[in-house]
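Undergrad: Residue-level listing of the chains:
Number of protein chains: 2
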Amino acid sequence: MNPVNHLRTGLSVAEAQRVVLALAPQLGSETVATADALGRVLAEPVVSTRTLPPADNSAMDGYALRCADLAGATRETPVALRVAFEVPAGGSSPERALAPGEAARIFTGAPIPPGADAVVRQEDAEREGALVRMRGVPRPGENVRSAGEDVRKGELVLDCGAELGPAALGLLASLGRTVVAVRQRPRVAVVSGGDELVEPDTAPFDGKIVSSNSYTLSAQCRLAGAEPIYLGIARDTPDALEDRLRAGNRADLIVSSGGVSVGDRDYVRPVLEKLGCTLVFWGVQMKPGYPIVFGRFGDTGPLVFGLPGNPVSAMVTFEQFVRPVLRKMAGHRALFRPLVRATLAHDFEKSAGRMHFVRVFLEPKPDAAGEFVARSTGTQSSGVLRSMALAHGLLILPAAKTRLAAGERGLVQVLDEGFFAAHEPGF
Amino acid sequence: MNPVNHLRTGLSVAEAQRVVLALAPQLGSETVATADALGRVLAEPVVSTRTLPPADNSAMDGYALRCADLAGATRETPVALRVAFEVPAGGSSPERALAPGEAARIFTGAPIPPGADAVVRQEDAEREGALVRMRGVPRPGENVRSAGEDVRKGELVLDCGAELGPAALGLLASLGRTVVAVRQRPRVAVVSGGDELVEPDTAPFDGKIVSSNSYTLSAQCRLAGAEPIYLGIARDTPDALEDRLRAGNRADLIVSSGGVSVGDRDYVRPVLEKLGCTLVFWGVQMKPGYPIVFGRFGDTGPLVFGLPGNPVSAMVTFEQFVRPVLRKMAGHRALFRPLVRATLAHDFEKSAGRMHFVRVFLEPKPDAAGEFVARSTGTQSSGVLRSMALAHGLLILPAAKTRLAAGERGLVQVLDEGFFAAHEPGF
Chain A
1483 MNPVNHLRTG LSVAEAQRVV LALAPQLGSE TVATADALGR VLAEPVVSTR
1533 TLPPADNSAM DGYALRCADL AGATRETPVA LRVAFEVPAG GSSPERALAP
1583 GEAARIFTGA PIPPGADAVV RQEDAEREGA LVRMRGVPRP GENVRSAGED
1633 VRKGELVLDC GAELGPAALG LLASLGRTVV AVRQRPRVAV VSGGDELVEP
1683 DTAPFDGKIV SSNSYTLSAQ CRLAGAEPIY LGIARDTPDA LEDRLRAGNR
1733 ADLIVSSGGV SVGDRDYVRP VLEKLGCTLV FWGVQMKPGY PIVFGRFGDT
1783 GPLVFGLPGN PVSAMVTFEQ FVRPVLRKMA GHRALFRPLV RATLAHDFEK
1833 SAGRMHFVRV FLEPKPDAAG EFVARSTGTQ SSGVLRSMAL AHGLLILPAA
1883 KTRLAAGERG LVQVLDEGFF AAHEPGF
Chain B
1483 MNPVNHLRTG LSVAEAQRVV LALAPQLGSE TVATADALGR VLAEPVVSTR
1533 TLPPADNSAM DGYALRCADL AGATRETPVA LRVAFEVPAG GSSPERALAP
1583 GEAARIFTGA PIPPGADAVV RQEDAEREGA LVRMRGVPRP GENVRSAGED
1633 VRKGELVLDC GAELGPAALG LLASLGRTVV AVRQRPRVAV VSGGDELVEP
1683 DTAPFDGKIV SSNSYTLSAQ CRLAGAEPIY LGIARDTPDA LEDRLRAGNR
1733 ADLIVSSGGV SVGDRDYVRP VLEKLGCTLV FWGVQMKPGY PIVFGRFGDT
1783 GPLVFGLPGN PVSAMVTFEQ FVRPVLRKMA GHRALFRPLV RATLAHDFEK
1833 SAGRMHFVRV FLEPKPDAAG EFVARSTGTQ SSGVLRSMAL AHGLLILPAA
1883 KTRLAAGERG LVQVLDEGFF AAHEPGF
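Sequence lines, in order, name chains A and B. In short: position in the first sequence from 1, add 1482, done, that's the working numbering. In short: position in the second sequence from 1, add 1482, done, that's the working numbering.
Here chain A stands alone, though its shape is the one from the complex (with noise of 0.2 Å):
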């Protein structure tokens, strides 16, 4: 008995992305301290309550002067200004204007002095006793921060949906905001169903084997932003399923992994009708991957995907479908993993009808500075992690294609987070 027989079924990757993207909701906001947002997506708009820099200041330590007063310095004819009084940063406002043929020794970020509308590099300048040579002529406003250079007060500064990043958090501590509302981060359940799972600490016995994907799902989940809350394992009873998602339901998103989505087991379905879920779809048309089940808790409760039990599947469909999703939530534009183009080192064969994941290092193309050839990482068995955890990325087989030859090139999703960092400075 299939218990999933009038739901929508077989669907292609395409068409599964599409409608858990379109159940996904953007999660509500929160109000950080400034401090801990790095990363976080913005949920209000920035709007300035103060002019950056407030006032003129200093980009230089050196003198500050008025251009007019050095006409006709050159290194060969210098001209000597007094040096009338000085400017520390951090001090309050200049004691006076600044007369002719007046200098005022300045630090960086200090006010410059009415009169003056140049700084002169300490480099740049001789100072002797009370009198400072200069041997050029400055232009007016050199060295220089114009008062509002940076922000104007009224002005819109980082508008929602807007990625915090170092210089974003600076920007908001220079305006004074140590707390920001920023969109939610989704709280993920994670649970492994299956009599055969035991935990890493538990030595397998009697054809068990270690529940290895609340490892990968939970660092997929901290990779895309969420916060996994990791359930344990769930026997195949349909009261220990039961158990442990009425124990998930207070996440945004439940996802488990084997047991709990396919087959024979027809508890699944009874149990999550009686917990009020409506399933959505089962089954999309990938490998790994096939046996995926969809649904949602009402209309304000967690979606729920079950995803299929083997190591590679699990992933795999944690990619396609839970990150996206997940990642809209936390109000992300840029929903996907990075694609690059590669040109295939091999044949890839696959028979029609579905989509096809294969696990591939990604190598540089000798002499094409940018570009990348694509290899499989061994063994494509659903059960082989090894050859996923070596893999820079997933080439896309599209459905419809039986071969792709050596030489052609595909699409690839790039899955290591470290792939684009480089290897020299690039000077």
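Treat the hints with care, since some could be wrong.
Because identical chains share one entry, a pair is satisfied inside a single copy or across any pair of copies.
As the list claims (entries may be wrong) - Using 27 Å as the maximum straight-line C-alpha spacing, the simulated DSSO-like pairs for lysine-lysine come out as follows:
| # | residue 1 | residue 2 |
| --- | --- | --- |
| 1 | K1690 | K1635 |
| 2 | K1690 | K1756 |
| 3 | K1769 | K1690 |
| 4 | K1769 | K1832 |
| 5 | K1810 | K1847 |
| 6 | K1883 | K1832 |
Calculated from the structure, these hints are not laboratory results.
Take the given structure of chain A and dock chain B to it, following the hints.
TA: Positioned in the frame of chain A, the structure of chain B alone reads:
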């Protein structure tokens, strides 16, 4: 009095980077829970103490059988086998061997009974009471995962230096490794120097400005995989500076910005030397960011970077020197930011002598997949954090050049962590 006049000074960016990397030690190892090791660098070779899977097992829910029994089975002339027993996943080994003419009901992960040589998926079988009919002949080994297919006992599974992603964590778990030796993460003491600075919870007054560098530099440390320890603002006095440097002495690296780094305040050098710091260089031929100090406390004490105080200068110099050092300390191999070649949207002009790092947007080049156009984000004043917050990266203008013209190509260091994420799934 220049306090640094017998140091190396005026180094090129490349020279300065070589110097700091040559002095950066790789940190020792620590043992952490595998579940917490995401993104860390492996500090031990992992050799398997198990064979995975331990026995031949089924990749599918279906029927284990002997291929020879199905000889001649076709769509029109199916062959029926007797379902002799069931092998549940996670149960004990099969009760007995399969006799000719028999099939065993089997579930994913369950051990293949002796005598069977393939599994037919339940979708491809017709069950009728005690019989199951097949309309085709499987290949020997079909849907069977062989013992040792993933890992053989004694095999090197992951080597020192591997960056641990989700699949590697799952692989470790499946080997029973719940703890793992990884490279320690650098601790970085962050100090902001300057009498002009206030914390962001204080409204600026009398020429004071908010210390945003603690926010930007701490976030940059986190993105580099390091742990920032913010030591607050050091006032411009020898005692205040000494106090803060002592507080930072238990870190692996000290990053100061502003005040401490440069200039007229000639207590910087005596204080550093009093504390045992050897200064290595002062001043790098770059813009923004000339006034950089680099030193070291003894042979085993922390490295010290004195970065310029201007917000953008501090960030840009951190990226060129501190980040690669932190990544080397943590055991990474690819130390540098991603580089992309981009076509310039307009002319870029500069004076000769220093390497410039120009904040740019990177936009996809129309009609040229995977190529980019670089355009300035606006004013390049080193005080303007906003043009840094907007930037995808830094265009590198070589020291000797005075002009790069629109249409020429240049190298861009990509700083935006989400830059490579795709807006389309790729299928």
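Undergrad: Determine for every hint whether it applies to the structure shown.
TA: Hints, one by one, checked against the model:
Proximity of K1690 to K1635 under the C-alpha cut-off of 27 Å is restricted to the inter-copy arrangement: shortest distance 17 Å between copies versus 65 Å within a copy. For a Cα distance limit of 27 Å, the shortest separation of K1690 from K1756 qualifies neither inside one copy, at 30 Å, nor across copies, at 63 Å. Taking the shortest Cα distances, K1769 and K1690 sit within 27 Å of each other inside one copy (25 Å), while across copies they are farther apart (61 Å). In this homomeric assembly, K1769 and K1832 come within 27 Å of each other (Cα to Cα) only inside a single copy, at 10 Å, whereas the closest approach across copies is 54 Å.
Taking the shortest Cα distances, K1810 and K1847 sit within 27 Å of each other only across copies (26 Å), while inside one copy they are farther apart (34 Å). Proximity of K1883 to K1832 under the C-alpha cut-off of 27 Å is restricted to the intra-copy arrangement: shortest distance 7 Å within a copy versus 52 Å between copies.
Going through the hint list in order, the structure does not satisfy hint 2, though it satisfies all others.
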